[in-house]
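Engineer: Sequences listed follow chains A and B, in order.
Following the numbering used here, the numbering of the first sequence begins with 1 at its first residue and continues without gaps.
Following the numbering used here, the numbering of the second sequence begins with 1001 at its first residue and continues without gaps.
I should point out that these hints are in silico values taken from the structure, not numbers from a laboratory.
It cannot be assumed that every hint is accurate.
[What the hints assert, rightly or not] DSSO-like, lysine-lysine: derived pairs with alpha carbons at most 27 Å apart:
id	chain 1	residue 1	chain 2	residue 2
1	A	Lys439	B	Lys1289
2	A	Lys422	B	Lys1439
3	A	Lys531	B	Lys1087
4	A	Lys273	B	Lys1289
[Claimed, not checked] Far from chain A, some chain B residues (derived; all Cβ distances over 10 Å):
id	residue
5	Glu1184
6	Pro1370
7	Lys1390
Even for Gly, the Cβ is constructed at its ideal location relative to N, Cα and C.
Protein chains: 2
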Amino acid sequence: MNTMEKLQALRGEMRKKNLSAYIVPTEDFHCSEYVGDYFKAREYLSGFTGSAGTLLVMQDRAALWTDGRYFLQAEEQLSGSGIELMKSGQPGVPTLSEFLGEHLKKGAVVGFDGRTVTGAFVEDIKEKTAAKQVTFYGKRDLVDRVWEERPSMSAEPVWELEISYAGLSREDKIAKVRQEMEKERADALLVTALDETAWLLNLRGGDVKNTPVFLAYMFITKRRALLCAQKSAFSETICNELAKAGVTLLPYESIEDMVASLPAGQRILVDEKRVSYRLLNVISKGVEKINKPSPIALLKAVKTEREIAHMRSVHVKDGVAVTRFIYWLKSHVGTEEITEIGAASRLEAFRAEREGYLGPSFDPIMAYGPHGAIVHYEATPETDVVMQPKSFCLADTGGHYSEGTTDVTRTIVLGELTAREKRAYTLVLKGHLRLGAAKFLEGVCGQNLDVLARQPLWEEGLDYNHGTGHGVGYLLSVHEGPQNFRWRMGGESACVPLEEGMVLSNEPGLYLAGQFGIRHENLVLVRKGEKTNYGQFMYLEPLTMVPFDKDAIEVSLMTAQEIGLLNDYHAKVYETLSPYFTGEELAWLGEATAAI
Amino acid sequence: MNTMEKLQALRGEMRKKNLSAYIVPTEDFHCSEYVGDYFKAREYLSGFTGSAGTLLVMQDRAALWTDGRYFLQAEEQLSGSGIELMKSGQPGVPTLSEFLGEHLKKGAVVGFDGRTVTGAFVEDIKEKTAAKQVTFYGKRDLVDRVWEERPSMSAEPVWELEISYAGLSREDKIAKVRQEMEKERADALLVTALDETAWLLNLRGGDVKNTPVFLAYMFITKRRALLCAQKSAFSETICNELAKAGVTLLPYESIEDMVASLPAGQRILVDEKRVSYRLLNVISKGVEKINKPSPIALLKAVKTEREIAHMRSVHVKDGVAVTRFIYWLKSHVGTEEITEIGAASRLEAFRAEREGYLGPSFDPIMAYGPHGAIVHYEATPETDVVMQPKSFCLADTGGHYSEGTTDVTRTIVLGELTAREKRAYTLVLKGHLRLGAAKFLEGVCGQNLDVLARQPLWEEGLDYNHGTGHGVGYLLSVHEGPQNFRWRMGGESACVPLEEGMVLSNEPGLYLAGQFGIRHENLVLVRKGEKTNYGQFMYLEPLTMVPFDKDAIEVSLMTAQEIGLLNDYHAKVYETLSPYFTGEELAWLGEATAAI
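Whenever a hint applies, use it, and build me the whole structure from the sequences.
Structural biologist: As C-alpha cells, this is what we get:
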C-alpha cells in the first residue's frame, strides 16, 4: 500500500468506531526518546522518518506536525501523500490541539492508541476543544489493523549490570524508592520510563536503539514490586535474582490490571506528563492521584561513588578513541577521500578497539562545513560529502561502555579558516569555559548558570537554539533529567538544584545556516567544593578528556582567565591521555595540549 | 497594662470563645510591607517593635517568631515578658505551623483576626496539624477587646495623580484589567494589595508609612468596579471623577458583602497567598476560585512611557541630592561631629531642597563601619555613632517625588581603608557592573541573570544573604513584584520574564559581621535592544545617577571590560549632573567621575 491507501484503510477502521479524528504520535508506550520498529506507526503510515512528528488523520484531510529540524525532510517525504505539513512553532501555525479545536464538530470522538499518548497530551486537547464537548477513544490501536507485516515487539535478552558497576543493589534502590513514596504518602508508584526500571533493577536490555533498556513497567507498593515485562527476555538466573529481591515478574500487558487493582482510598504517585492516557484511566475513581515526577528520576541522576569512579575511567578510554580520531582526521583530510559517513565509521572503529565498548549512545553527528549548522544532522548516503582541507568537521558522538556512557563534541579544524569561523569558534569556547569554571552555592539550578555559557554570544546578538546541557545516564539514556543547563523556566525544564554526583553536558554552540556550525561539549560532574561561612560551594569537574582544537582560537578575544582555564584543562588532558599514546601521536598530543 | 497583663486579658477573651491558641501576625488587612499604627497589634501585645514577627498565645505559654535581622532586638524586648523567642530558620526551630502540630490537642480551635492572615497561611497550619483535626475561628479581632487606647484607623486625604504622571487613565487601566480577567475567564477580581488599587485608580494617599497609598479594597466584575474605602478620605471632586470612570465608592467594611454576593457558577480570581482568610471564606461555595497572582501586579510593573520619562528625570534630581550629600560627608567627616542620624537628616535635607520631593520611600539606612554589616540597620539614639575619618558609611536611602520613586545605595569612603575593605568593595562593584551590563534575550528572568552579580563573590567563597534586586513602584511601594533579581526559584520568587519598562534595583553586597558592610545599588530600566536573527535582545539602562566612590577601588582586581563599564557610567553621571553643580562641588564631581 502507498501512503494514501494506508490512510484510506485507517479511515475505514475509524468509521467503524465512529471516530472523527485519529492521532498517531511518535512515542512508544513509555515516552522513550528512541523507539523500536514495532512502534513506528507514524512512520509506517505517513512515510516521514524523522524522530519527532505527530500525524492526525481525519476523514477528509490529514496533517503532520514536526519541528524545525525536519521541515525540509518532511516536505520531501510527505510530497504527494496528501498529508499537510504543519511546521510547529512557526507564526500562524496552530498546535494539534488548536487545530482540533477549530476543525472538529461538536460532540466529535477523537481516537488514538491510549498507550502512546500521555494524560497531559489529552488534557491539552480537552482544554483547547472545550467548546466542542469532544470525547476520546483510546482503547484500540487501529493502526495495527491496517499495518501489513508489522515488525514484532522486540524482546532482546535482559542482562545483569553487576553491583561493581551499579554501586547499589536493587534491594537498596527499591528501599530508597519506598522512602520517597512515604514522603509523598503514596501507597503505590507507577514506573513507565524504561530507563527508570532498568536503573532500579540493575538490569539492561536491547529493545531500544542506542539505549540498553528493555520494555517493561513497574508497579511498586509498600509491600510488592511488580515487574510487567516480556518473560522471554529473562533468563532463569535473573528471574531467581529478582525473586530474591522481592520482585515479581508478570506479563507486560498485565500492568493495566495491576494498576486497576489498587483499591479506592489509596494514593498513587503518577507523572501525568509521562504516563499514558490509558494507564491513567484504569486507575479506580476512588484512588487519589499524586501528579508529580517519579522520584526515581532524581535518585538515578545522582550517581553512586562506584558509578562516578567508572565514569571517570570510561572517559579516559573514550578520550583516547576520540583524540586518536581527531589526529587521524586532521592528518589525513585532503590526502585521502574521507566522507562524513566514513569518518563516523572510523571513529566507531577507534571506540570499538576499547575494552568494554558496547555501541553508540546516539546516532553520531559527523557534519562537514555547512552541515555543521544543522543541529541534529545525520549523514545519509544522499547528503554525505567528502571533507576538504578547510573549514570545520563538527563531531558529536558518544558511546556506551560497561563503565558508563559518553557524549562529546569537538569542532575539528580541517584546514584554512575564515576570520568569522575563528571568531565564532572562540566565542563559543569562551562560553563553554566560563560555565565549566562556575563555582556556585548548593541549591543553584542549571537555569541560574546557563547565562554563563551564552553571555559571550548574547553580547554580540548571537545565540544557539538549544539547551546548554542535559543530564546523562549511567549506561542508560544519554539524555536524562531532571537536571539540565537551560535558561527557560517551566514546561519540560524543571528547575532542579544541582547535586553532588549529577552528570551533565556543557555544550554551547553557534550555527550559521549554509556556512558552518560550532559546538564544544564536555560532560561535567557536579562536586562539592569548599564550605565557608556563606554556605556549601559546588563546582564542575570535567569528565571528558579530549583536546579542543587550538587551530581555530582567536587568542585576542579571550581574557587571561579564560586562557588559564583552557591551559589547565589541556594540561589535565595531556597528563591523562599521554600514557596511552606513543611516537607521532604522542608528539601531536603534546602540541595539541600545549599552553597558548 | 504590662505585657503579661495584656496576654492574660487576651487569654480571658480566648476562653470565652474556647480557643486553644490565638495568632497575632504583623500584617494589616492588605499584606502591606509597612502598616499603620492601628494594625500594630503584635507590637502592642508583645512589646517587640521589629518589622516582622508573629505572636502565638496559648493558655499556658506564648511564643514569637522572627527572623535573623531581629534576634538580638527581640531577645531584649521580650525579656521578662514570658514570651519565648522562636528564631525562624535556625536549626531545630519549628515553624509556627509545626509548633501547633506538636502542641495542640486533638480538636483544638485556633483563633486569629481572619483579616490579618492569608488563606495560604491557614492552609499551611491545616496541613501541619492534619492529625489534630483543628478548626479555625477568624471572625473576631480579640486584641481589639483588650487594647486600651488603640489608635484609630488612618484615613488621610486621598489625592489624584495627574494623568501627565501616570500616563494612562483609570478607565484605560480598568479596561486592561478586564482584558486580563477575560483571559482567565474570570467573572470577578478581588484586589486587596493597596498599591494595586492606588495604581489602578491613579490615586495616592497617606495611610501607610513610606508608601503613599490608602486603605481600600476593590472588587471588579465585567460591569462594575467597586471601591471599598473610607469615604472621609475622598474629596467631592475625586468622588465625581471616580463616578465618571464607572467606579462606585462603598464603605471599607462592605468588601465582605460584595465578595459574598458573587453568585454560584461564577469564577473569581484571587491570590490565596495574598488575600485574607476571612475574604476567601465569604466566597460562596458554588463560586470557582482561580488561585493566581493579581494581573495588576504585572501591569503595574511595566511602566508607561510617561512614567519612564519622569523616572529618568527624578533620578537626576535625586542624583544631585545624593551626590551633594556624598561630597558634604566626605569633606566634613573628621572635622565636624557627624553621627549616623545626623547624616541621614542631612541627606533628607538635600532631598527636600528638590522640587516635588514628598518624603522618604523607606526608613533610611545610614550605617557607619560595623553597622554597615547589619543589612537592615536603622540608627536609633541608642546605636547612633559619630563617624570617624576611616572605613565606610553605607547609605541606602530613597525618596518619593511626584515624578516617581528612588532607591540608591552608595558605600562612601570616609578615610583610610584596609586592603580587605578595598578588596570587598571592588568584588561587589564587579558584580554590580556585570549585572548592569547584561545583554539578554527576551523571555529571560531575573533568576537567569542573578549569577552575574554574585560570581565575583562566589569565586572567592563569599556571598550576600539577600536578593540582588527588587522591582520598584512608581510613587508606590519601593519594593514591588513580580520581577526580581534572585537565584532561588519558587516560593515568593516567581520567575517572571523581564519586560521592557520594568524597573529593578541592582544591589549586590558583602557583609562582614563586626567589621563593615558593602552594597552598591542602582535602579535599572529594562529596555529592548537590537533584534537579530537570534531574537529580540534586551539590556538594562541605569536610572540612578550618583558616582561610585573610586577611593576604595582596587584596580588590579578589575578586568579591562569592567573598568570600561565604570568609566562609561561615570562619564554619563558627569554629563547628567554637572549642569547642577558649580565651583568646588563641580571640581570634585569632575574628579569623582574621572576615568580610572
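Engineer: Which earlier hints turn out false for this structure, listed by number in ascending order?
Structural biologist: Of the numbered hints given earlier, the structure breaks just one, which is hint 1.
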